[in-house]
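Please arrange chain B on chain A, whose structure you already have, making use of the hints.
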Amino acid sequence: MTAAVTETDASLADASKAMGGGPRRSAASTARGLLGNRIGSAIAIVIAVLWTVPTFGLFLSSLRPESDIKRTGWWTFFSNPVLTLENYEQVLGGSTSTNLSQYFMNSLVICIPATLLPLALAIMAAYAFSVLEWRGRDLVFVAVFTLQIVPLQMALIPLLRIFNDTGAGSVLLFLPLWLAHTIFALPLAIFLLHNFMSEVPRDLIEAARIDGAGHVTVFLRIMLPLMLPAIASFAIFQFLWVWNDLLVGLTFSGGSRIIQPLTAALAALTGDRGQDWHLLTAGAFISIIIPLIVFFSLQRYFVRGLLAGSVKG
Amino acid sequence: MGFLLNTRVGQLVLAVILFCAIVAVLLLIAKGADSLRERARRPAVVAVFAGPALLLLAAGLIYPFIRTLWMSFMDNRSENYVGFANYVTALTEPSNLVGFRNTFLWVILTPLLSTTIGLVYAVLIDKSRLEKVAKALLFLPMAISFVGAGIIWKFVYDYKGAGQDQIGVINALLTWVGLEPVRFLQDSWMNTIFLILVLVWIEAGFAMVILSASIKAVPEDIIEAARLDGASAWQLFWSITIPSIRPSLVVVLTTISIATLKIFDITRTMTGAKFDTQVLANLMYDESFVFGNNGLGSAMAVFIFVLVVPLVMFNIRQMAKNREVRG
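Protein sequences, first through last, are from chains A and B. Using the numbering used here, the letters of the first sequence correspond one by one to residues 195 to 507. Using the numbering used here, the letters of the second sequence correspond one by one to residues 513 to 839.
What the hints contain is simulated information worked out from the structure, not anything from laboratory work. One or more hints might be untrue.
[To be verified] Under the rule of at most 25 Å between Cα atoms (straight-line distance), these lysine to any residue pairs were calculated in the SDA-like manner:
#1 543/B / 397/A
#2 672/B / 465/A
#3 543/B / 553/B
#4 833/B / 394/A
#5 774/B / 346/A
These figures come from a predicted structure and were not determined experimentally.
In isolation and in its complexed conformation, chain A is listed as follows (with noise of 0.2 Å):
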């Protein structure tokens, strides 16, 4: 038990390294030599503003009254200052037609239960392909971790027919868009899990099943506490990948404006008032400070999820 929640420990490690780095020299602090400290801190400095200027520039222009957003630029704010949070009354609490508030609310009823349910099933699916054997196993692993290969667009016309033959939102107007994302997240989400879990040793499981443990008790016992940083990073990672999703939202949603998630009434703001900068900046600046909460808060979990989907399989 420790020596696995030591490696789970060790691989945390691992990636806030990979944040901050260790006291250790390595190949790049070399290669920095390659262009002299001077111009390469210059060059950075140069990216690392380009990549931030932008969204500062929407926050400031948010808090700016209507009509100066139109006018100037948000630089003016430096020489004549005059912040308000209008924008934000109008596009939280304002007339129907500029209301975001309700889109807001749909983008959390829909990304909780399609972050919850993707996890429980791929979990579950993750332990009959790791730790249950059976005949065909690796088989079958392999034919779902190859349905990583179907584009979202290939699934969408064939998945709304059948939520429309069935009624499957008649009662649960959401649960057409739960299960979609439910779906599509499944291959990468069992194909990681199953990576996570069998590195945890057989022994572990084995002295538990000698002890008499059912399946359902090594499940919740032992396999879950040592998957939670996984179980964590993936968790994050479904719940960005929702909230920021258009394509699963407008196709599911039926174009009904109850459901729609915010990424969908956004877009479709920026077409129908394309100038109306003060509804669109306030509007979006709310779309991203949830996965911005989400992303400094778990930092650490979001970048072991990366680390692991792409660099150690």
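Chain B alone, transformed into the frame defined by chain A:
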């Protein structure tokens, strides 16, 4: 009961209750299955643990996949077989060809630019005092939706007639140094490049994080040895760092290419696919859900699939290989 069915929060609460109930029931069944006799036990336990996910995948991914393939050979309403007519239309209609041309540009430029910028940045900030903060800055756009990023950049690219005050940063700078303002999003074909830069802005952070981790994993003794042999910094970079991180470089390039092939949000938010900025994924959406042309829409989806397959296969193989090396 009305609260649960008729309000958003109610639906959410109901969903969470249902979710807990489903998990509890599954685990109970698993417990029951686990106490069965030896012969029946194993398949029963496997069925409970893997069954729900496999069923959903079969109904929601495998069946739709086959059906889309079939629909791509049928007419608009999927009633008559039309052979390859949809594929011919997709590849001959001038408006569709623009979509293919642009998608090609996207897939070539986005991975190259974001990986280069990510790599340069990762190298430059490595071991610097502010590394953590510097990384978060570049990484931040990754948390933003394509729609959000689209709005952010639409604002940056904003254009006003020559006499007026510019509210977009770039045009303000251009007029400030005495140049004419540019219609970034309206003038083809450069507008596609400006849209691509938005995706580069999002993906560079991803490339940077992966490459930075892999740069830090290059063994010190190799570098030390090369340095003792008198290798210059430039030589070290090209003959040690780059070959050592090549597996990660490849994965980053292919992963970004795959994401790029499916992108439609940026085009949709920023230009509405007007002004010759059409892309494949947006063609698929428009044909299927705006014009109700299921046959052509399905054919577009198949094109995306065919383009993605080699990349994903390559990626999966590469990931498996990286695992072996590390394992």
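Check: Under the criterion that the straight-line Cα-Cα distance not exceed 25 Å, is the pair residue 833/B, residue 394/A satisfied?
Finding: holds (20 Å)
Note to self: Does residue 346/A sit within 25 Å of residue 774/B, going by the straight-line distance between their CA atoms?
What the structure shows: holds (8 Å)
Margin query: Can you confirm whether the C-alpha distance between residue 543/B and residue 553/B stays at or below 25 Å?
Written below: The hint holds at about 10 Å.
Next item on the list: Compare the distance between the alpha carbons of residue 543/B and residue 397/A with 25 Å, and conclude whether the hinted pair is satisfied.
Entry: holds (22 Å)
Next item on the list: For the pair we were handed, residue 672/B and residue 465/A, check the Cα-Cα distance against 25 Å.
Entry: Holds, at roughly 18 Å.
In summary, the structure agrees with every hint in the numbered list given earlier.
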